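All chains should be modelled from the sequences, with the hints used to inform the complete structure.
Residue numbers (full-length UniProt numbering), protein chains in the order written: chain A, 1 to 135; chain B, 1 to 135; chain C, 1 to 135; chain D, 1 to 135; chain E, 1 to 135; chain F, 1 to 135.
These are computed hints drawn from the structure, not numbers from a lab.
Quantities reported herein were computed from a predicted structural model and do not represent experimental measurements.
A hint or two may mislead.
Any copy, or any two copies together, can satisfy a pair, since identical chains are not distinguished.
Lysine-lysine pairs mimicking DSS-like chemistry, simulated, CA-CA at most 25 Å apart [unchecked claim]:
#1 Lys57 <-> Lys133
#2 Lys133 <-> Lys4
#3 Lys57 <-> Lys21
#4 Lys57 <-> Lys4
Okay, here's what each chain looks like letter by letter:
Number of protein chains: 6
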Amino acid sequence: MSHKEQTNEERYRQGRETLVKMVGEEGTRTIEGIRTFFPDFGDMLISFGFGDLYSRKRLDLRQREIITLTSLITQGATDQLGFHVHAALNVGLEPEDILEIVMHCAGYAGFPKACGALNVVMAVFQERSIELKLD
Amino acid sequence: MSHKEQTNEERYRQGRETLVKMVGEEGTRTIEGIRTFFPDFGDMLISFGFGDLYSRKRLDLRQREIITLTSLITQGATDQLGFHVHAALNVGLEPEDILEIVMHCAGYAGFPKACGALNVVMAVFQERSIELKLD
Amino acid sequence: MSHKEQTNEERYRQGRETLVKMVGEEGTRTIEGIRTFFPDFGDMLISFGFGDLYSRKRLDLRQREIITLTSLITQGATDQLGFHVHAALNVGLEPEDILEIVMHCAGYAGFPKACGALNVVMAVFQERSIELKLD
Amino acid sequence: MSHKEQTNEERYRQGRETLVKMVGEEGTRTIEGIRTFFPDFGDMLISFGFGDLYSRKRLDLRQREIITLTSLITQGATDQLGFHVHAALNVGLEPEDILEIVMHCAGYAGFPKACGALNVVMAVFQERSIELKLD
Amino acid sequence: MSHKEQTNEERYRQGRETLVKMVGEEGTRTIEGIRTFFPDFGDMLISFGFGDLYSRKRLDLRQREIITLTSLITQGATDQLGFHVHAALNVGLEPEDILEIVMHCAGYAGFPKACGALNVVMAVFQERSIELKLD
Amino acid sequence: MSHKEQTNEERYRQGRETLVKMVGEEGTRTIEGIRTFFPDFGDMLISFGFGDLYSRKRLDLRQREIITLTSLITQGATDQLGFHVHAALNVGLEPEDILEIVMHCAGYAGFPKACGALNVVMAVFQERSIELKLD
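Below, the structure written as structure tokens:
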């Protein structure tokens, strides 16, 4: 099927598939909550965000999560950060990589953004009982 | 030499070495311009930015440029973007990867930021006579 | 009375009148709390914000709330959003209009800002037992 | 045809139609320039931005341009502002309404953002030889 | 005269007086340009900005310019920065103080914002033929 | 000892000394918490932030806190604000000065940022049982 003929239903199905790869069936609950409240927005989030963007080839899910985490840290979107720290770990980023992203962002977005992000990262790592391997 | 005993001179030397890897001797001119005007700031930019941050192991220069480009796009720092599009290409990111980063950022930082970034990317690609391989 | 001769007391009175139209006497409590703590700031908020800006003719209160909600969503000011979701509903914006504003902002300010805003909107709608009429 | 069965080609066609309503055939050039450089992004901008968002019913194009202008002013996206000042005038906002949006934003996003926006607005009004009717 | 009885005309006169202290008669041209285009906005900028805020006692003009420069640097408002670098020098901040503010901001708002600001500062210092006394 | 020969250990020691001047031994706990979790980041925060930046001569700690508070308010970093309201009071800023900074920022960063900041300031003043001397 060509891209031009792809329907919204197919965009949605592809988005949901990618989403499940990232956060598991259980992790889709937050987004299902949004979708129950405002269905068109929830559909768009899945079709456009996880379908049109995350499902593209060029960059793999690990690289995409590096981008996502950086963008969230830079704009101070701490509320959305926990979801993507989980996703980043699920698709194979090491916990130590995530810390390194936060540190690199300190130079680019300033230390307040990095400190704010670190609090969220710390909470997720605790929840998952992660033991860090830092030298 | 342990990290604790590393001197500012060594931090600077390491930073400059990494910087040259990223933009070549010729590419350091912008930063040398800053350093002539305000030496302490130029030194800090090199020692802290390119020494303490970019020279760390964990992530390679390609991953670090993904982070840098994303942070610049997200905060609308188009003036600083050209330098790092060059650097990103020099350390091995494909032109098509950079476009993909911009597109992914559209969802996270909004289309105006992505469009603003694309203008800069377009100018650098033209300057380097890059021919894109898009499917 | 000409604009030039308008006194601060009159600016304040006009601001307070507009404020009450927007949130009712009861809704002024948050701002009265600020005013008790730091009177000059509270006065300025009312005289300048609700007097000089909101009380101008050109745009009506519904249009002004579209602007306010958009600006708050775009800058991620979720703490100030609840107050203005209430105000927007009070001056006649439909709940479905507010959702539409959030969705439109997703394209301009990115999905994280839209999702953050939606959580606040959802809470206010619940508090007011609003039933949505979505097609 | 149901929304689910809508294809990407149809989303694109709808987006382009709305875009032409907003800026005329001639005004699509900037976006066609982006599309020539990076086709997938240009398609997405039209299908998603002008198709999925601007073409929705609930709010009319005038209300949508109030939202767009406000979001651009708030995030300091002066480069993207000119395009939408033109669009806003084309869909029926009065020049004086646009000035009023900028002024309201001064209170919410600060005076620097409002002053930056005003420079762009001034340039577009001059280009279109607009004579303001201010009291 | 009590603050309550102060009229808009007096707020404006006070604002203009403070403005002239900061940038001289000649420096008011930019703002007069805005005022010619959109009189109500220009009046508000002077009455509210330079009258209600800058003319308050508590902090002197030097401290206020530290705040203004920092806020402009942090939000990346480079277009508005030149005006206030001039003002800061006029009210008695040393050129070296301004550089120090930019450097401090690097840690809080990130290096891209600091570098962007430095370009503006450099241009103003050149225009005024300032020779720096750095150790 | 020249600046070039200064070691990381000495940068850290200087940073810690300045930090203690600002928040006391007890106030270093938050940062020690970060340092336990991610030692390299905690070290950098102290060596670079409190050593390289805050310990520089040119501006005193009071002026630096004016800059820090303004930058935090402008970027909406309310989570990091409490720490620096305490620090600002400890190094000698008057409570009324802090309120004045917030008010000045309303004009530059918008009222939502100022209101958000005021909530934090209010909480710290209550915690320290501060009685304001406002005219």
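Structure-based check of all given hints:
1. Lys57 <-> Lys133: Answer is between; shortest inter-copy Cα gap is 14 Å, intra-copy 31 Å.
2. Lys133 <-> Lys4: between (47 Å within a copy, 20 Å between copies)
3. Lys57 <-> Lys21: Within one copy only: 15 Å inside, 29 Å across.
4. Lys57 <-> Lys4: both (17 Å within a copy, 24 Å between copies)
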